[in-house]
Amino acid sequence: MFTCGWCMKKISADQPLSAVNIKFTKGMDFSEHEGEIIPVYLQSLDRNVSMVVTTADSEAKKAGTDGMFAVCSSACGVKLQAALAKDMNIDL
1 MFTCGWCMKK ISADQPLSAV NIKFTKGMDF SEHEGEIIPV YLQSLDRNVS
51 MVVTTADSEA KKAGTDGMFA VCSSACGVKL QAALAKDMNI DL
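Heads up: the sequence shown at position 73 corresponds to 73 in our numbering, and the numbers run straight through without jumps.
Simulated from the structure, these hints should not be mistaken for lab results.
Dumping the calculated DSSO-like pairs for lysine-lysine here, alpha-carbon to alpha-carbon at most 27 Å:
hint	residue 1	residue 2
1	K23	K86
2	K23	K10
3	K23	K61
Predicted model, so just to flag it, every value in this text is computed and none were measured.
Sequences and hints are given; from them, build the entire structure.
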């Protein structure tokens, strides 16, 4: 079971799941956490958001995704993406 990174709603296994995908900036290395769900503190939200770190052999990693934040809807995805961009000072 995942929790939406924006609204914190529980997402059960039988519900649709979306994700906000990110590519780490140069120098960021989370390889020791491959395949894990780790907390990422977002200052603009004043809370941790769970991020899945992709594994080196995954299709997501091959497509250029280093981390994924689960969201319950595209609307929550847009809002979380804006918060990520603000905190990380990047364009997603």
